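There are 2 protein chains.
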Amino acid sequence: MIIDTHGHYTTVPAKSEVYRKAQLETYERGGPITKGSFEISDDEIRESLEGAQIKMQRERGSDLTFFSPRASAMAHHLGNVLTSTYWAELWNELIYRCCALYPDNFVGLCMLPQAPGVPPENCIPELERCILEYGFVGLNLNPDPSGGYWTDPPLTDRYWYPIYEKMVELDVPAMIHVSSTCNPVFHHTGAHYLNADTTAFMQLLQGGRQLFQDFPGLRFIIPHGGGAVPYDWGRYRGLAQDNGWPHPAELMRDHIYFDTCVYHQPGIDTLFKVVPIDNILFASEMIGAVRGIDPETGHYYDDTKRYVDKLGLSEADRYKVFEGNARRVYPRFRR
Amino acid sequence: MIIDTHGHYTTVPAKSEVYRKAQLETYERGGPITKGSFEISDDEIRESLEGAQIKMQRERGSDLTFFSPRASAMAHHLGNVLTSTYWAELWNELIYRCCALYPDNFVGLCMLPQAPGVPPENCIPELERCILEYGFVGLNLNPDPSGGYWTDPPLTDRYWYPIYEKMVELDVPAMIHVSSTCNPVFHHTGAHYLNADTTAFMQLLQGGRQLFQDFPGLRFIIPHGGGAVPYDWGRYRGLAQDNGWPHPAELMRDHIYFDTCVYHQPGIDTLFKVVPIDNILFASEMIGAVRGIDPETGHYYDDTKRYVDKLGLSEADRYKVFEGNARRVYPRFRR
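From first to last, the protein sequence lines are chains G and F. Each residue of the first sequence is one higher than the one before, starting from 1 at the first, in the numbering used here. Each residue of the second sequence is one higher than the one before, starting from 1 at the first, in the numbering used here.
Keep in mind the hints are simulated off the structure, nothing from the lab. Just so we're clear, the structure is a prediction, and the values are computed from it rather than from any experiment. Check each hint, because a few of them may be wrong.
Note that identical chains are pooled: a pair holds if it fits in a single copy or bridges any two copies.
List time: in silico SDA-like cross-link candidates among lysine to any residue, alpha-carbon distance up to 20 Å [as the list claims (entries may be wrong)]:
id, residue 1, residue 2
1, LYS35, GLY117
2, LYS166, GLY312
3, LYS310, ASP269
4, LYS310, ARG60
5, LYS273, GLU296
6, LYS273, PRO295
7, LYS273, ARG306
8, LYS273, LYS310
9, LYS310, PRO184
10, LYS273, LEU311
11, LYS273, GLY298
12, LYS21, TYR164
Given only the sequences and the hints, what does the whole structure look like? Please build it.
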């Protein structure tokens with residue numbers, strides 16, 4: 001089985017954005033915020049997926065995608081906790097419906113109703129609902145709900161502990177994933193996403209020893225190939241050595257996983273050269289940040305399976321990357 | 001000749017920090033800010049350099065370093081424009097003295113008296129002084145004087161144009177280099193530096209066509225191997241293609257250069273595999289972020305010449321990376 005561990009519902013019908021626009025307008029003018037609905041039909045869901053993610057799964061040879069709300073749409077910096085709560089609930093319900101309509105193709109990961117400056121306790125009910133009632137296997141955790149001003153504490157701060165306690169109790173990992181940005185210096189998919197990956201890893205390198213001692217069962221996925229980390233692996237090994245922090249590979253072992261959302265062969269080569277094979281999860285983020293065909297290869301940039309196939313991995317290692325590691329990191333996925 | 005294009009005076013005598021502490025204390029209590037002096041003698045400079053940067057140049061086989069104030073010490077987020085002005089002047093004067101004491105070893109790059117929210121016009125007199133009077137060949141430009149909250153506009157904004165006009169007039173390039181951070185989410189050398197590199201490149205990918213049309217002679221060095229960019233080269237090629245921006249290599253040609261401050265062989269391999277050889281400058285940032293010896297190689301992590309030597313470049317390409325490109329990017333360096 002080939003599990004794509006990173007996919008967002010980027011082809012969502014436009015009605016979700018119509019809802020959001022109206023919700024935020026109501027919020028801005030101080031009107032009453034009610035939950036309401038996206039009013040998206042099953043047929044509209046089918047239409048949005050069958051010619052897109054499902055078609056590409058078939059064409060590219062992946063079996064199943066861990067599927068979550070569109071990352072850029074989370075936009076925790078907009079509105080307040082209440083708008084964020086309804087928005088997260090509706091999005092997670094939509095993902096649940098995708099998974100129910102296509103149980104062979106999708107398994108859910110939820111978004112949380114985070115808001116800048118709001119300790120993440122408020123997210124626990126929605127996390128429990130998604131894991132226990134909807135059968136989701138993990139969550140996306142936004143380390144910067146401010147959308148590019150980075151006003152919340154590092155991930156190693158006790159600020160985040162309540163959500164970690166619940167994650168460990170439910171035995172689910174979090175993919176660290178920021179959203180769109182309201183800071184004009186950061187392009188979201190070209191800078192903010194990668195910066196967040198690098199930042200999160202560095203926070204864990206500095207403070208992970210204590211954090212993972214406090215939560216031995218805590219697991220994070222750092223997407224987009226781990227940001228700048230594999231390319232700068234020597235810097236991280238050296239910083240760890242100079243400062244008495246754990247060796248990056250040692251730190252990662254039971255706790256941190258990078259995915260293969262790196263869109264060219266030399267990048268994937270670097271990833272596999274430095275990061276332990278047990279800590280790499282296959283993923284493509286299809287359909288995501290980059291949608292074109294690479295003229296250098298004649299294939300989609302984000303058809304990352306091709307790059308992994310070219311590595312010449314042993315059968316045992318292929319199994320780890322395409323399936324085994326995902327089953328270990330997401331133990332609630334049992335199929 | 002082997003030119004190390006990226007070195008900071010990290011071994012500066014502690015007196016500079018004593019000065020800074022007193023200056024900021026005076027500022028905090030509203031006392032009168034005067035320029036004063038670091039009170040560092042020539043012998044103290046000699047002592048701080050001979051057993052360190054100069055010894056390592058000799059041991060590692062580089063001839064000369066483009067030398068600038070300690071990057072983390074710039075700290076434009078502390079104090080105000082006046083404290084920043086005196087601090088920059090004193091630091092640049094100190095670099096000038098290093099260059100005067102060791103003209104064969106060091107060539108100066110200046111820091112600027114930037115401050116968050118202050119348009120960079122104020123930096124022009126100090127830039128002119130350093131280039132015209134001190135013979136410096138370039139400058140370090142901080143894209144985030146806020147120290148990790150990213151409150152100033154992108155580098156493509158007209159906000160920065162006055163400093164670009166002066167750079168073009170003086171025919172000097174800027175190394176894009178942030179400083180220490182007051183935002184606890186960002187470790188400075190492990191996250192903020194690399195994020196700034198990635199961010200700057202992405203800003204230029206989005207807005208560079210207009211910027212470089214407005215300033216055909218504008219040149220930037222993005223240090224630390226270009227942040228996450230070479231590792232994610234496919235993402236940048238794909239984003240450019242999807243959005244009608246220039247191909248990254250095309251954009252870089254006469255305007256953007258990455259250095260070789262990447263501290264392991266696989267990273268350097270990736271850099272040279274994707275980035276045009278004309279846009280790579282040799283550098284080590286010695287003595288900098290990572291000071292130890294890599295147990296995997298038995299050599300210093302930041303002895304980057306070894307990684308470049310292992311690439312098996314042609315003589316013509318070696319010349320470009322170690323000398324020729326630097327002469328082209330820094331035309332005021334004539335030796």
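So, going through the hints one by one against the coordinates:
1. LYS35 to GLY117: neither (23 Å within a copy, 40 Å between copies)
2. LYS166 to GLY312: neither (39 Å within a copy, 52 Å between copies)
3. LYS310 to ASP269: Both: 9 Å inside a chain and 18 Å across chains, each within 20 Å.
4. LYS310 to ARG60: Within one copy only: 14 Å inside, 37 Å across.
5. LYS273 to GLU296: between (23 Å within a copy, 14 Å between copies)
6. LYS273 to PRO295: between (25 Å within a copy, 17 Å between copies)
7. LYS273 to ARG306: both (17 Å within a copy, 19 Å between copies)
8. LYS273 to LYS310: both (13 Å within a copy, 17 Å between copies)
9. LYS310 to PRO184: For LYS310 and PRO184, the Cα distance exceeds 20 Å both inside one copy (38 Å) and across copies (40 Å).
10. LYS273 to LEU311: For LYS273 and LEU311, the Cα distance is within 20 Å both inside one copy (10 Å) and across copies (17 Å).
11. LYS273 to GLY298: For LYS273 and GLY298, the Cα distance is within 20 Å only across copies (19 Å; inside one copy 25 Å).
12. LYS21 to TYR164: neither (32 Å within a copy, 39 Å between copies)
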